[in-house]
Amino acid sequence: MNRWIEKALCVLVVMFNVSAHADEQQVNIAVAANFAQPVKHFAEMFEKKTGIKPIITVSSSGTLYAQIQHGAPFDVFLSADALRPEKLVAEGLAEKQTLRTYATGRLALVSRSGAPDSLNAFVSRKFDKPVAIANPKLAPYGLAASQALGTLPPDAALPFRQVQGKNILQTYQYFTSGNVDDAFVAWSLVKRSNYSYLLIPDDFHAPIVQKMVIIKDNAHPYAARRFMQYLLSAKVQKSLMDWGYQSAGKR
Amino acid sequence: MQSDIDAIWLTLKLALFTSVLLMLIATPLAWKLSRWQHKAKNLVLAVVALPLVLPPTVLGFYLLVVFSPNAVAGELWQLITGEQLAFSFAGLVIGSLIYSLPFAVQPLYASFLQLDNRYIDVARTMGMSKWSRFRRIIMPICKPAFMVALGLSFAHTVGEFGVVLMIGGNIPGETQVLSIALFEHVEAMEYGKAHALAFGLLVFSFLLMALLYRYNRNGVTAWKS
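In order, the protein sequences belong to chains B and G.
Each residue of the first sequence is one higher than the one before, counting from 1 in the working numbering.
Each residue of the second sequence is one higher than the one before, counting from 1 in the working numbering.
Hint data in this document are derived by calculation from the structure and do not stem from the laboratory.
Hints are supplied without guarantee of correctness; some may be wrong.
[What the hints assert, rightly or not] Listed next, with one range per pair, are the computed distances between beta-carbon atoms: (1) G:45 <-> B:196: 42 to 50 angstroms; (2) B:232 <-> G:9: 43 to 51 angstroms; (3) B:176 <-> G:72: 16 to 24 angstroms; (4) B:118 <-> G:172: 24 to 32 angstroms; (5) G:205 <-> B:92: 32 to 40 angstroms; (6) B:159 <-> G:173: 18 to 26 angstroms; (7) G:78 <-> B:196: 49 to 57 angstroms; (8) B:91 <-> G:140: 54 to 62 angstroms.
[As the list claims (entries may be wrong)] BS3-like cross-link-like pairs, simulated, lysine-lysine; straight-line CA separation at most 27 angstroms: (9) G:13 <-> B:137; (10) B:87 <-> G:193; (11) G:193 <-> B:137; (12) G:32 <-> B:129; (13) B:53 <-> B:126; (14) G:32 <-> G:143.
The beta-carbon is built from N, C-alpha and C at its ideal position, and this holds for glycine as well.
Generate coordinates for the entire structure from the input sequences, incorporating the hints supplied.
Written out as structure tokens, the structure reads:
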């Protein structure tokens, strides 16, 4: 019996060693919700090209940040903002020289009754349902939305109630489930949908700069770098427009 | 800080509404179930227990779909009250009723099962009406179970998170309950404020549970002697 347990233990130890040293066969990516769809697509291409399998975790930037702070085993963090990756660097948890902008987001107003021509036209409408935005404290797209609404003349007290989603995906979900008829979301979410939307001019809000960074002491330093290089490659950056982003270089 | 205080009041209000309404719903339901013999009984018990095991997001997702003005329930509600069900306090109460239902039904059901039918039969032969049998026999004997049901459903509603996150919309003073405010602090990296709320919630829940257990023990021993 003891023998048997010993053998089983040996097998286990060997298995774990193998998985620990079969390194660079995978890379763990933590990605903010708005970029989940494109990153899944790019990950597939990346795996075909390099044989390295990206394992993708989707959550809000805030949650991922807190998890990384407490030692979550991610190699690369793709945030929806610049603030959180920069904070990780400042806290000594991420590698400073790997901090890069990978995309710039754009805000869109999606509307069931047809997209308005402008924000001004939008707020002169009548509303019988609230309008959804992402929580400005948590989500960069929510902050951008509140900045955009803040550009309106102050006497135009907003003619609607606001409801807030915890992130941009939930905000969009309020719209798709029919509980609101208008929502401020990421362009990337609605670009390929059949809904009618208004692309908010990008001088209505501070740029939504999305940065990524490699986490210190990670398990797959080589694969992490290759993945990062791949995202910054001209081919990927050029295709970002199709997904509803501007490439990192452009404002 | 003001918004945190609003969140605390709102949470207490939601928990009070939910637990009191639940007592009105759960008492007859648990009584019927405890006196009912049928093949389908297990199925009904299973349905009542579902919120215990389902992820709150499942419930929240279905509620979001049902609450939509395009769905029958959401449309009916809007016709009757003129208001939308999602993102409203009423919507949260409905969600919490479902979410905390087993916590109210199960203690009552267990207690009603143990209740000796002879007490009730004697009372009936002595000409006690149904209502006074309930008030003067069942209520006093099962009092600990009533307290536990009330306390547990109250506490469980205070701690509710997933369902509110799905259907609430985070409106301060209306749907931004304590757990949501806490979540927002954590996500916004305001760990100081988060600690204050989290610790408060921990102490409150502990005190409530301690009180319940104490009450339960005393109640049960009093009943036995």
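Status of each hint after checking the structure:
no.	hint	verdict
1	G:45 <-> B:196: 42 to 50 angstroms	holds, 48 angstroms
2	B:232 <-> G:9: 43 to 51 angstroms	holds, 50 angstroms
3	B:176 <-> G:72: 16 to 24 angstroms	holds, 19 angstroms
4	B:118 <-> G:172: 24 to 32 angstroms	holds, 29 angstroms
5	G:205 <-> B:92: 32 to 40 angstroms	holds, 36 angstroms
6	B:159 <-> G:173: 18 to 26 angstroms	holds, 20 angstroms
7	G:78 <-> B:196: 49 to 57 angstroms	violated, 24 angstroms
8	B:91 <-> G:140: 54 to 62 angstroms	holds, 60 angstroms
9	G:13 <-> B:137	holds, 26 angstroms
10	B:87 <-> G:193	holds, 19 angstroms
11	G:193 <-> B:137	holds, 14 angstroms
12	G:32 <-> B:129	violated, 41 angstroms
13	B:53 <-> B:126	violated, 50 angstroms
14	G:32 <-> G:143	holds, 18 angstroms
The structure is inconsistent with the numbered hints 7, 12 and 13, although it conforms to all the rest.
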